[in-house]
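When you get a sec, could you build the whole thing from the sequences and use the hints?
Residue numbers (the working numbering), protein chains in the order written: chain A, 1 to 558; chain B, 1001 to 1447; chain C, 2001 to 2125.
Among these hints, one or two may not hold up.
[Said to hold, decoys possible] Covered stretches of chain A (chain B as the covering partner; in silico rule of three or more C-beta atoms under 8 Å from a C-beta of chain B): (1) 136–149; (2) 411–418; (3) 451–459; (4) 479–486.
It is worth saying that the hints were derived from the structure and are not from the lab. Each residue gets a CB set at the ideal place from its N, CA and C atoms; glycine is no exception.
Spelled out from the first residue to the last, the chains are:
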Amino acid sequence: MSVTERPAPPSGAPSDGDASGRGAAFSSPVGGEQLQVVEPLLFASSRTGRRDVRFPSLSEAARKAAESQPEVPKHARRTATARLPEVSELDLLRHFNRLSHLNHAIDLGFYPLGSCTMKYNPKVNEWAARLPGLSESHPLDPAELSQGSLELQWLLAELLREISGMAAVSLQPAAGAQGELSGLLMTRAYHRSRGEGEQRTKVLVPDSSHGTNAATASMVGYQTVTIRSNERGGIDLGALREALGPDTAALMITNPSTLGIFEDQIDQVVAAVHQVGAIAYMDGANLNAILGRFRAGDAGFDVMHFNLHKTFSTPHGGGGPGAGPVGVGERLAPFLPEPLPILVEGTDDEVRRNAWAGRNTPGARFALEEEGTRPQSIGKVRAFTGNFGMHLRAYTYIRSNGDAGLREVSDDAVLAANYLRVRLTDAYDLPYDRICKHEVVFSGRRQKRQHGVTTLDIAKAILDYRIHPPTIYFPLIVEEALMIEPTETESLETLDRFVDVMHEIADRAATDPSALKAAPTTTPVGRLDEAAAARRPDLRHDFGAAPAGSSARQEAGA
Amino acid sequence: MAYAPHTPADRDAMLAAVGVESVDDLFADIPNAVRARSFEIPPPLTEQEVRRELTRLAARNRIPEVSFLGAGAYRHLVPAAVMEVIGRSEFATAYTPYQPEVSQGTLQSIYEFQTLVCELTGMEVASASHYDGATATAEAALMACRLTRRDTVAVSSAVNPQVRRVLQTYCSGPGIRVVEVPADLGEAGSGLTPGEAAGSALDESVACLVVQQPNFFGGIEPMAELAEAAHRSGAQLVAVVEPTSLAILEAPGAYGADIVAAEGQPLGIPLSFGGPYVGLMAARMESVRQMPGRLVGATRDAAGRRGYVLTLQAREQHIRREKAASNICTNQALCALAATAYLSAVGPHGLREVAELSMVQTRHAVAALEAAGVARRRFSAPYFAEAAIQLRNAKRRHATLAEQGIVAGLPLEDAYPELGDCLLLAATELTTDDDVARLVEGLEATA
Amino acid sequence: MTYPNDLRYSKDHEWVRAEGSTATIGITSFAADELGDIVFVELPEVGAALKQFAAFGVVESVKAVSDLFSPVSGTVSEVNGRLQSEPELLNSDPFGDGWIARVETTDGDELKDLLDADGYAKLTS
Chain A
1 MSVTERPAPP
11 SGAPSDGDAS
21 GRGAAFSSPV
31 GGEQLQVVEP
41 LLFASSRTGR
51 RDVRFPSLSE
61 AARKAAESQP
71 EVPKHARRTA
81 TARLPEVSEL
91 DLLRHFNRLS
101 HLNHAIDLGF
111 YPLGSCTMKY
121 NPKVNEWAAR
131 LPGLSESHPL
141 DPAELSQGSL
151 ELQWLLAELL
161 REISGMAAVS
171 LQPAAGAQGE
181 LSGLLMTRAY
191 HRSRGEGEQR
201 TKVLVPDSSH
211 GTNAATASMV
221 GYQTVTIRSN
231 ERGGIDLGAL
241 REALGPDTAA
251 LMITNPSTLG
261 IFEDQIDQVV
271 AAVHQVGAIA
281 YMDGANLNAI
291 LGRFRAGDAG
301 FDVMHFNLHK
311 TFSTPHGGGG
321 PGAGPVGVGE
331 RLAPFLPEPL
341 PILVEGTDDE
351 VRRNAWAGRN
361 TPGARFALEE
371 EGTRPQSIGK
381 VRAFTGNFGM
391 HLRAYTYIRS
401 NGDAGLREVS
411 DDAVLAANYL
421 RVRLTDAYDL
431 PYDRICKHEV
441 VFSGRRQKRQ
451 HGVTTLDIAK
461 AILDYRIHPP
471 TIYFPLIVEE
481 ALMIEPTETE
491 SLETLDRFVD
501 VMHEIADRAA
511 TDPSALKAAP
521 TTTPVGRLDE
531 AAAARRPDLR
541 HDFGAAPAGS
551 SARQEAGA
Chain B
1001 MAYAPHTPAD
1011 RDAMLAAVGV
1021 ESVDDLFADI
1031 PNAVRARSFE
1041 IPPPLTEQEV
1051 RRELTRLAAR
1061 NRIPEVSFLG
1071 AGAYRHLVPA
1081 AVMEVIGRSE
1091 FATAYTPYQP
1101 EVSQGTLQSI
1111 YEFQTLVCEL
1121 TGMEVASASH
1131 YDGATATAEA
1141 ALMACRLTRR
1151 DTVAVSSAVN
1161 PQVRRVLQTY
1171 CSGPGIRVVE
1181 VPADLGEAGS
1191 GLTPGEAAGS
1201 ALDESVACLV
1211 VQQPNFFGGI
1221 EPMAELAEAA
1231 HRSGAQLVAV
1241 VEPTSLAILE
1251 APGAYGADIV
1261 AAEGQPLGIP
1271 LSFGGPYVGL
1281 MAARMESVRQ
1291 MPGRLVGATR
1301 DAAGRRGYVL
1311 TLQAREQHIR
1321 REKAASNICT
1331 NQALCALAAT
1341 AYLSAVGPHG
1351 LREVAELSMV
1361 QTRHAVAALE
1371 AAGVARRRFS
1381 APYFAEAAIQ
1391 LRNAKRRHAT
1401 LAEQGIVAGL
1411 PLEDAYPELG
1421 DCLLLAATEL
1431 TTDDDVARLV
1441 EGLEATA
Chain C
2001 MTYPNDLRYS
2011 KDHEWVRAEG
2021 STATIGITSF
2031 AADELGDIVF
2041 VELPEVGAAL
2051 KQFAAFGVVE
2061 SVKAVSDLFS
2071 PVSGTVSEVN
2081 GRLQSEPELL
2091 NSDPFGDGWI
2101 ARVETTDGDE
2111 LKDLLDADGY
2121 AKLTS
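Structure representation (structure tokens):
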């Protein structure tokens, strides 16, 4: 690792002490100044012949027996060895541990990234995921050997059913976007089953929606129609009614919306959708705000997806894995992805009662549905039954919190967001000034107009305080958007510290805008040239030749 | 709540600042008509109670003492160092690296992952990961449709049935037709995808030929011949590969594959009842703008320091919305990190040893069963580390052994009715000579 | 902001320079600034038929993507290949080296449906 020192940050930069507690690793005790760190690629420390993991040798008997079998033909054999690194275990660990030091993470500091629900990821979940009885369970093991995995999935589906009020849940989708895909494929299958497949070609989405909604609609061959929001940040009911018609397949609506606002006319929205025979889809990305308060099923939604990596605390992993179970009302249940884990012997009530009391149910037996059990199923959206490792973490989380805990999750998440809303209104514009749910969306337009400081500059300045910036420039309908989601797991001290930082940045925007434009100055690298990265893509290490085994390399005689 | 930091005084202070009496006031905007009617969730558990519950469920599983089950998910060594790396909460509890200045750890590790996938596959560009091998295959087929502007996908019947079912689902979305290329599965068949069969399925509507190497039955396909057949009709070759096999089998880039998809689970990712795993995808650079999924690229900051960013994002849903290459957003970054750490931990020699041990132990098992007269190899073609064996009462004997904690592979009847008397066996480096002996004895005893 | 007087402009922020029946087309400095750093241009193929105000290509910046709409109808006779390796020309010289395509126009009257420099300046102010 080579370490070079950077000049001191400009005056007015962060003072010492931060809410994250991260200071020690990188900040000097007084100035928040950081040593700049470059960790070479692992390939650089590779030395021919260096080894880490070793494997046992084959017995003579095994080798001899194998000789009776046909050999791999010469034409199918690899011609150029892949240049994997050759490193010792210590070098490997140092490399990745050093890389880890270059990340911000929930476990290092505040992460108020709107729409992402960056709450604490409890460690007992990780403990559970490493139980050999669960982690070594093969997805195709006979059901008799997998009763624990199947029961866990069945129980989680039961809990999600109760949390959402939906009739049935499939855990199969690997992420929210795949939950959406499943939901729209079911929507289409439903319309087709009624002979309306041809006629219904449009999916309506509000202008505050996630990009995945529109992209998913395209994957199912639907045309996206955008519905404008009203001045209060809700969907414009008039515009919605105008757009709805016999060609509408579904409305996809995120509730609470990406503005952090509960659709207070949601009953009328669902009724209007149903009136034209369309499907009401709730994007459950923001479920963290409404646990125990609002259930999509009770409100008449036909389908919703859950993001286990948001509401149910499974770690985001630097971009994944997630899990996006999908819940449906009775109408869509026949179309759910297959297979579902099912209880084949025993009664639902008894199994639930026992499991809630921590007991096995004698005689209960679970299995996966056989292929073709539900001939109207949309099929499989991924191999096996989903991201089980996320399912078991979510199950652990729900059981840890229980009914009271889950209600409190939403209460505290909403309270924290409203607290920040009130505390920051003097410094930043608040386009929709009303009670919010789990997140609040400010606008940096004042700073941009008055001082030429953009929301991007504000975000980069926040980095110097060891806080992850809010989501920026989303939702698209808010100019210079700053979307803040504090979550329920941050203490009042952390929230207050964030308020102080945001005020300090607003002040600095007025007094010293050029300093904000130069931010961040204390991170491992400064602002990176993204245009250069996209214009001349460098997407892999250049060993000085084409990749091993590529035809170009062979032609070159390598 | 288990993880709430607030004292009653904190909550009072926040409520006072917001100017409401109680938290209920913050939910006043939920219309009465649609308030939750029920919330019958069991009461909270303490850590020791929740541990007991998870231990109960884990104990309800029975992890087999001996297993020859693969069929798309393989029991390999997960080195302790790999678990240590992915257990780092700086990696595990970070979000998608949208703020590159504080995400260099994740970004650089993905750049290393992309490099390793390119090295293994012999391709020019690899994505940052997909949900699993099946969805990577499906997305590869859709990508081929965009690249060729054609609307039919041809897939060999020797591709993993789970993968084919996911492919079918994804293709049903935009209305892409899927046609099957029959593999030679008859009595005394090779178990491979014949070049002629592929050729006759390919016409000018076909965007790609999807073939698996080694195929579902472990058979080593004539990939160069199949690639040629695809290219002759202007179609692309989508090669679905098993990553450890690439230490021994030719790199897809060398036989003309246009897009490569793979299930990365064998690279240091626990079985975990089917997920999370990681889908690998690689392609030619000229196709990069039609490639779905995130990409990380190297660049510099104003001071000239090298750094990494998410790049070519205009392909993705958060910018292109309905015109995006795919709706994929969340991927499998932490599993990609596991694969990166795994490939670095085993290195080129270790990966070859894994492949060699898996291959030889599978052969050992098949040879021992043949020598004992218990079963015979179903297909004639050379195979890698998985093989279909034929024996009387396959399904019943499989079930009987399972009760003893021995999993004799996968009965093929459900997916291939014509192979009703067959089991698909896979061995790995974890398979011992003793395991082979117990398999043979077990099957003998159930005759 | 002022714009070159010898060009005509569309409301979609494309410009056209007509020389006889040949028209050179590109995007305006206003469009380039709005998009930010342009990283990729999807050019039409030579021989492609363009229709006035219809999409004929795509331009991408780091964080945005936009369709290109042709200001005139005609057949593409030449494209600016430099843009493939130097898309930044659209930012640095949008009215010069950053031209996108040359078109053999089919209907000279179409120019009347476009704005002059003053009209475009008003549109973008």
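The hints, checked one at a time:
no.: 1; hint: 136–149; in the structure: holds (count 13)
no.: 2; hint: 411–418; in the structure: holds (count 6)
no.: 3; hint: 451–459; in the structure: violated (count 1)
no.: 4; hint: 479–486; in the structure: violated (count 0)
Violated hints, listed in ascending order, are 3, 4; each of the other numbered hints is respected by the structure.
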